[in-house]
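Protein chains in written order, with numbering that gives the first Met the number 0: chain G, 0 to 465; chain V, 0 to 465.
Warning: the hint list may mix true and false statements.
Computed cross-link-like contacts, DMTMM-like style, restricted to lysine to aspartate or glutamate with a CA-CA straight-line distance of at most 20 Å [as the list claims (entries may be wrong)]:
1) Lys66(V) <-> Glu41(V)
2) Lys218(G) <-> Glu168(V)
3) Lys363(G) <-> Glu400(G)
4) Lys410(V) <-> Glu400(V)
5) Lys66(V) <-> Asp442(G)
6) Lys342(G) <-> Asp394(G)
7) Lys66(G) <-> Asp439(V)
8) Lys403(G) <-> Asp439(G)
9) Lys403(V) <-> Asp439(V)
10) Lys26(V) <-> Glu41(V)
11) Lys24(V) <-> Glu41(V)
12) Lys71(G) <-> Asp50(G)
13) Lys218(V) <-> Glu168(G)
14) Lys66(V) <-> Asp439(G)
15) Lys66(G) <-> Asp144(G)
16) Lys66(G) <-> Glu400(V)
17) Lys410(G) <-> Asp439(G)
Covered stretches of chain G (in silico footprint by chain V; criterion: 3 or more residues with CB under 8 Å from a CB of chain V, positions within the stretch not fixed) [claimed, not checked]:
18) 202-211
19) 333-342
20) 347-353
21) 380-387
22) 422-429
Don't read these hints as lab results, they were simulated from the structure. Since we're looking at a predicted model, the values are computed, not measured. Quick reminder that beta carbons are idealized off the backbone N, C-alpha and C, glycines included.
Number of protein chains: 2
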Amino acid sequence: MDTSARKYGRVDDAFVGELAAIVGKDKVSTSDSVCQQHGQDESYHPNMPPDVVIFPQSTEQVSAVVKACAAKSIPVIPFGAGTSLEGHVAATHGGVSIDLSEMNAILEVHNEDLDVVVQPGVRRMQLNAHLRDTGLFFPVDPGADASIGGMVATRASGTNTVRYGAMRENVMALQVVLADGRIIRTSSRAKKSAAGYDLTHLFIGSEGTLGVITEITLKLYGIPEAVSSAVCPFPSVDNAVNTVIATIQSGVPVARIEFLDDASMDSVNSYSKLNYTVAPTLFFEFHGSEAGVAEQAEMVSEIAAEYGGTNFQWATKQEDRDRLWHARHNAYYAARSRHPGTKGVIGDACVPISRLAEAITIAKMDMDQTPIPTYIVGHVGDGNFHTLYMIDPDDPSQEKEAKKSVERTVKMAISMGGTCTGEHGVGMGKIDYLRDEHGDAIDVMSSIKVALDPLNIMNPDKVVLV
Amino acid sequence: MDTSARKYGRVDDAFVGELAAIVGKDKVSTSDSVCQQHGQDESYHPNMPPDVVIFPQSTEQVSAVVKACAAKSIPVIPFGAGTSLEGHVAATHGGVSIDLSEMNAILEVHNEDLDVVVQPGVRRMQLNAHLRDTGLFFPVDPGADASIGGMVATRASGTNTVRYGAMRENVMALQVVLADGRIIRTSSRAKKSAAGYDLTHLFIGSEGTLGVITEITLKLYGIPEAVSSAVCPFPSVDNAVNTVIATIQSGVPVARIEFLDDASMDSVNSYSKLNYTVAPTLFFEFHGSEAGVAEQAEMVSEIAAEYGGTNFQWATKQEDRDRLWHARHNAYYAARSRHPGTKGVIGDACVPISRLAEAITIAKMDMDQTPIPTYIVGHVGDGNFHTLYMIDPDDPSQEKEAKKSVERTVKMAISMGGTCTGEHGVGMGKIDYLRDEHGDAIDVMSSIKVALDPLNIMNPDKVVLV
């Protein structure tokens, strides 16, 4: 971590007054509890509170705040819903947390063009509730009810990615406030463009280190005519994962294909009051026409049967499907609730699908060596799996041991042509692995960071160290 | 255009000797004919030959050549197949053209992971011929038998994009030689990643201005079980385009949906010896299972019938489909052959699909004002259409008039929330419109260009002027 804190300006009363003049006095807080709440995400990373939190109401206010920060070299940390997992919101040098939750308007729904323009504070579930009557939906679903701005900033994905793509594939254009306060638009609403460098993708996954995202244009999809979900236990991890590999290679356009290991199924059963078989399990979802869904389901059933997955439990009614996916989405919270007082250290490796069975098997053997309670879940249709360690925050040896295990999994994934993070982002938690993964390309990332944020005020100590 | 030519070094005999020492004497040419051939694409842009052309055999050779160029501030222009349309290959300050056509190996096919690693000189048709026995294919199809490197560099798309996406969606990772000769890899073979800035997308569409692409990992798809194509004439442009809009909005996963106006159909008939009805026409293709294709075809037939498109001509046999798409792909060459000695000035607007009928109607009215022969074709499923003006290269007033008409179409597209170029790229031809489209975001592009190519040796005077 960059410890040259001296280069940053101090947030004093006069500066807080400047901020209040921009956003209004009631939209500025220096209270301990508010600052603490903004220095912490949902993971094990230590709480590093900002000096002040502001709640802007417009892009122009964000721009004025960033300008004021730039003038005094004060760090700026954008904050969405706080559901990130790699310490993205930690204010390593204090500064101003820009909480975008009050910029949560859905600005324009273009039914005919299948797109929507939203402010960054809009939550995923809020968006889909708003869209329901239009017959359209936004598919990217990381589980948590994250803000759209945060999902863009971390290049989130989750279930549904195997069919609809991640944020990377579903953001058409952004409005961004740069590190000097300038406001830009990265692209248009055209479905494709070859007009210059792809700034949209540069800001997707930039984790607040290049600018503050203040408006987002997203792709939408028609709600499928038919949807069908299923849960199926397997005799082993290997059998489950080989079913995934065969399904993807067969080209069946499955919408979701999720893996939970036996430990996860057990805690999900307790937490969500269900009675699924405690075994390595796949959760499926199929989207399409009535005939298409039936055809997909039949093909996948046949593949699963070859690997001993014969006990499909189908859910076609909305409420049954909701219960099923609710259980899947709450796997992390289920694990936390099973081990009260623990925090999660979470691996997020992603490998080419041909290596997935091997990767999960090796990771599981590694995890089985530790006395820490561990779980594996994964968006396995993409080759992405999470290794979850529920650590006692008062026992530093547990954090150390969990992180060492994550590191071994990361190195394995990279050696297989994979990545250290499929969807959680770098934050502070994965920063040490980036050179292993990218080599000298890190220096290109640093050059871009320096070019766009010469004072290094935008979310410092995340993604790249400069 | 930047006229400060003095800042560039001279290609003298000693420097040509340096290049020969790197790539071998027989892989360097300073002959007039070779240099002329490398200063010209397939459009109206003036021939601006490089001083020397080299034919490297490896990434290491490219790196050594770029290093040598950087040491003397000599421009570097990457060259693929020369099929671009906006003057991308013009050597505005002379320098070294790096012809990558001999780096044309297909390095690795990963059947199980649905990806392939290729060198940049591999041609689109070569790749699909190579893949045929694997049951996989690469869908991006700009018509011309372009090089994969060139398709990445210009963010190409074409037919099939409506279903499979453009190059933007289908490149997983790149190896790139930077402006100082460093070699980087932008990403891994993982299907998704949140590990740092998205350098892959930064280089896609960078048109040789940030580095030389020397290796490409592409997504592949299973060859669909069933494919069916159809041609259908419509009573008016409006009826045809409204059929497209309704089809896209219905969510039918059509693989191709292409528009040709009556003039294009007439020249296609002559050129390809066919007898299609001379009317505004849509070309369709459907991919899927037997049942899926039948379902899609039926839905689209119903939509088309509502707009007067009742005379579908179906092609399901491979040879019939090939003839149909061959005709479509040769629309530009058909126009050129109908007006011998002419060159094409080509518009490439792309608008949100809801505005497409209006945009094409206005563009056609504008084109009808000029005595120059004009044509409209389009990848209309994406909202992308080409306005084609066959100009007499000896009559400067025609070039001027055609470019003015293109400019009006560009401004209309931008005012509709669209883009000045859907797929051809900026080159020299669209550079004047970028600020209209992107505003201050251009300055961000310039900052990135300066950060990664401080000497401005990489394909100068393209995309952004610095």
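### Query
Among the hints numbered above, which are violated by the structure, and what are their numbers in rising order?
Per hint list: 1, 8, 9, 10, 11, 15, 16 and 19 violated.
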